[in-house]
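Each chain is listed here by its residues.
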Amino acid sequence: MNTKFEDYRKYSNLFVELVRKGIKLKYRRSYLGIIWSMIEPLLTMIVLTIVFGTLLGHTGKEFPVYILAGRLIYTLFSQSSTAALKSIRTNQGMIKKVYVPKALYPLSSITFNYILFLISLVVLLMVSLVLGVYPTWRVLLAIIPLFVLFCLSVGAGLILSTVGVFFRDMEYLWNVLLMLVMYTCAIFYYPDKILGSDVGWILKYNPLFCIISNFRSCVFGEDMNMWMLGYSSVFAIVSILFGVLVFEKNQDKFILYI
Amino acid sequence: MSDKTRNDEKMNNVTEDTALVLSDIGMRFNLSKEKVDSVKEYFIKLVKHELKFDEFWALRNINFEVKKGERVGILGLNGAGKSTLMKVIAGVFRPTEGSVYKQGVLAPMIELGAGFDMQYTGKENIYLYGAVLGYSRKFMDEKVDEIIEFTELKNFIDVPLKNYSSGMKARLGFAIATVVKPDILILDEVLSVGDAKFRKKSEKKLLDMMDTGTTVLFVSHNIDQVKKICNKALILDHGSLVTYGDMEDVVAQYEEMIK
Numbered sequence: 001m002n003t004k005f006e007d008y009r010k011y012s013n014l015f016v017e018l019v020r021k022g023i024k025l026k027y028r029r030s031y032l033g034i035i036w037s038m039i040e041p042l043l044t045m046i047v048l049t050i051v052f053g054t055l056l057g058h059t060g061k062e063f064p065v066y067i068l069a070g071r072l073i074y075t076l077f078s079q080s081s082t083a084a085l086k087s088i089r090t091n092q093g094m095i096k097k098v099y100v101p102k103a104l105y106p107l108s109s110i111t112f113n114y115i116l117f118l119i120s121l122v123v124l125l126m127v128s129l130v131l132g133v134y135p136t137w138r139v140l141l142a143i144i145p146l147f148v149l150f151c152l153s154v155g156a157g158l159i160l161s162t163v164g165v166f167f168r169d170m171e172y173l174w175n176v177l178l179m180l181v182m183y184t185c186a187i188f189y190y191p192d193k194i195l196g197s198d199v200g201w202i203l204k205y206n207p208l209f210c211i212i213s214n215f216r217s218c219v220f221g222e223d224m225n226m227w228m229l230g231y232s233s234v235f236a237i238v239s240i241l242f243g244v245l246v247f248e249k250n251q252d253k254f255i256l257y258i
Numbered sequence: 001m002s003d004k005t006r007n008d009e010k011m012n013n014v015t016e017d018t019a020l021v022l023s024d025i026g027m028r029f030n031l032s033k034e035k036v037d038s039v040k041e042y043f044i045k046l047v048k049h050e051l052k053f054d055e056f057w058a059l060r061n062i063n064f065e066v067k068k069g070e071r072v073g074i075l076g077l078n079g080a081g082k083s084t085l086m087k088v089i090a091g092v093f094r095p096t097e098g099s100v101y102k103q104g105v106l107a108p109m110i111e112l113g114a115g116f117d118m119q120y121t122g123k124e125n126i127y128l129y130g131a132v133l134g135y136s137r138k139f140m141d142e143k144v145d146e147i148i149e150f151t152e153l154k155n156f157i158d159v160p161l162k163n164y165s166s167g168m169k170a171r172l173g174f175a176i177a178t179v180v181k182p183d184i185l186i187l188d189e190v191l192s193v194g195d196a197k198f199r200k201k202s203e204k205k206l207l208d209m210m211d212t213g214t215t216v217l218f219v220s221h222n223i224d225q226v227k228k229i230c231n232k233a234l235i236l237d238h239g240s241l242v243t244y245g246d247m248e249d250v251v252a253q254y255e256e257m258i259k
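Chains as they are written, first to last, in the working numbering: chain A, 1 to 258; chain B, 1 to 259.
A couple of the hints might just be wrong.
[To be verified] The calculated SDA-like cross-link candidates involving lysine to any residue, where the alpha carbons are at most 25 Å apart (straight line), are:
hint, chain 1, residue 1, chain 2, residue 2
1, B, K123, A, T90
2, A, K96, B, H238
3, A, K61, A, M126
4, B, K67, B, K205
5, A, K10, B, K123
6, A, K10, B, D145
7, A, K253, B, R60
8, B, K154, A, L25
9, A, K10, B, R137
10, A, K96, B, E189
11, A, K96, B, S99
12, B, K205, B, Q225
13, A, K10, B, G213
14, A, K24, B, S38
15, A, K249, B, L46
16, A, K96, B, M168
17, A, K96, B, S38
18, B, K138, A, K253
[Claimed, not checked] Okay, the calculated bits of chain B under chain A, using three or more residues with CB under 8 Å as the criterion:
hint, region
19, 80-94
20, 116-129
[Claimed, not checked] Only part of the chain B face toward chain A is listed, based on derived beta-carbon distances under 8 Å:
hint, residue
21, F29
22, L31
23, S38
24, V39
25, Y42
26, P108
27, G134
28, Y135
29, S136
30, R137
Just so you know, these hints were derived from the structure itself, not from any lab. As the structure is a prediction and not an experimental result, all values here were calculated from the model. Even glycine gets a Cβ: it sits at the ideal position worked out from N, Cα and C.
Let the sequences and hints guide you as you build the complete structure.
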């Protein structure tokens, strides 16, 4: 265990370089560069607000904030998990020729997506201020669901990156599963009706919905739901433990499958 | 990998001037006739009990020790296991049996440009590859000019690597791997790339490094190069170690073999 730790310390430079590379290459050759990580969610928010605001009749000023908060978190989860899923295959050139602790690849792709996500939170703040949803002290508590979100992404990323090596079709399957996750996250509708009905468990047991819901509570200055916080935290921790186990057990076999 | 490396430090025959010890290395591959890489296929075959593999030992019972500063030529026909052996030493493959003990920083040059990113510029790749070898950004800051000068790439250094010719990539890879003065250098068929001028330059660089005590593992089909660079050699044949000893004797035996 001790040597493993030393190994990772030695390669911390590489981790930083890989994160840097991810951020640099994401918007390379686009004129606006990293600003896209703020414009893109803003534009999507406008589209979703127009479509679902009209469709479902939500005209409140806080609806765009509600949508944006949910969508930012969902996008982070979907992008980082997809990047992690492909990370071993994407870096096969390096893996085949030099020894590098392989967990660096999924971890760095999750981290760089998370950093871009944190940057895009600026948009959320700006939109809230413009629309008059003024943050209270509770907004500081948002760190808690955001941390759970990071843990959940790491756990899911480790599991997916392992599965992705052995089964190429996981990429397509995961896209479909992500769509299911998206619809059960209540991104562009209010969940109260569903939560009160017989099928409320569909939302309640989706850890990402719990995170989004608590994050929104912090943004709107309400109390977090403790059950949801507990459930999503436990889910995240278990997924990390399971992810580390699966990854550790299989990483020596990766080279034979890529 | 590192756990194994650690344990072997306790091995009694290891002294200070040992660079590398391989004990009982065996590397087995499962050769599946058809690649099963879809979930559906996997379960169908699992249910039908058709998941069979042919075992294939690419390396078996490999034992040898390299002292610091020795230059070992690795000889053998195609498919003898030379590259697999280099990858086991580099840590890319974890051996099925046995263990590798190595002392110091190892720079593998198994195909130049290992770990390069094609969208990254030459300069950015210098930092990336430096980090792959375990060097900090600060350290690379000091070395970057030296590397760029050696590659003679000049204006191309800020161009994405996808626009490089294969010779240019090879130069960059060579320059990065050698500027950091690794303790053990693995050269797998890398001196056969680049033009004659660069080859001469890189050969000279290697010889300079060897004077400072770098241990070299040199894979090549070019016997003249082996004669020029190495002082020891070994022959691999179908995954087994045939001979290991002084370069002249082993090369003579190899020339006899390929007649």
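Hints and how they fare:
no.: 1; hint: K123/B x T90/A; in the structure: holds, 21 Å
no.: 2; hint: K96/A x H238/B; in the structure: holds, 22 Å
no.: 3; hint: K61/A x M126/A; in the structure: holds, 14 Å
no.: 4; hint: K67/B x K205/B; in the structure: holds, 21 Å
no.: 5; hint: K10/A x K123/B; in the structure: holds, 22 Å
no.: 6; hint: K10/A x D145/B; in the structure: holds, 24 Å
no.: 7; hint: K253/A x R60/B; in the structure: holds, 19 Å
no.: 8; hint: K154/B x L25/A; in the structure: holds, 23 Å
no.: 9; hint: K10/A x R137/B; in the structure: holds, 13 Å
no.: 10; hint: K96/A x E189/B; in the structure: holds, 16 Å
no.: 11; hint: K96/A x S99/B; in the structure: holds, 19 Å
no.: 12; hint: K205/B x Q225/B; in the structure: holds, 14 Å
no.: 13; hint: K10/A x G213/B; in the structure: holds, 24 Å
no.: 14; hint: K24/A x S38/B; in the structure: violated, 33 Å
no.: 15; hint: K249/A x L46/B; in the structure: holds, 20 Å
no.: 16; hint: K96/A x M168/B; in the structure: holds, 21 Å
no.: 17; hint: K96/A x S38/B; in the structure: holds, 22 Å
no.: 18; hint: K138/B x K253/A; in the structure: violated, 34 Å
no.: 19; hint: 80-94; in the structure: holds (count 6)
no.: 20; hint: 116-129; in the structure: holds (count 7)
no.: 21; hint: F29; in the structure: holds, 7 Å
no.: 22; hint: L31; in the structure: violated, 10 Å
no.: 23; hint: S38; in the structure: holds, 5 Å
no.: 24; hint: V39; in the structure: holds, 5 Å
no.: 25; hint: Y42; in the structure: holds, 7 Å
no.: 26; hint: P108; in the structure: holds, 5 Å
no.: 27; hint: G134; in the structure: holds, 5 Å
no.: 28; hint: Y135; in the structure: holds, 7 Å
no.: 29; hint: S136; in the structure: holds, 5 Å
no.: 30; hint: R137; in the structure: holds, 7 Å
Checked against the numbered hints above, the structure violates hints 14, 18 and 22; every other hint is satisfied.
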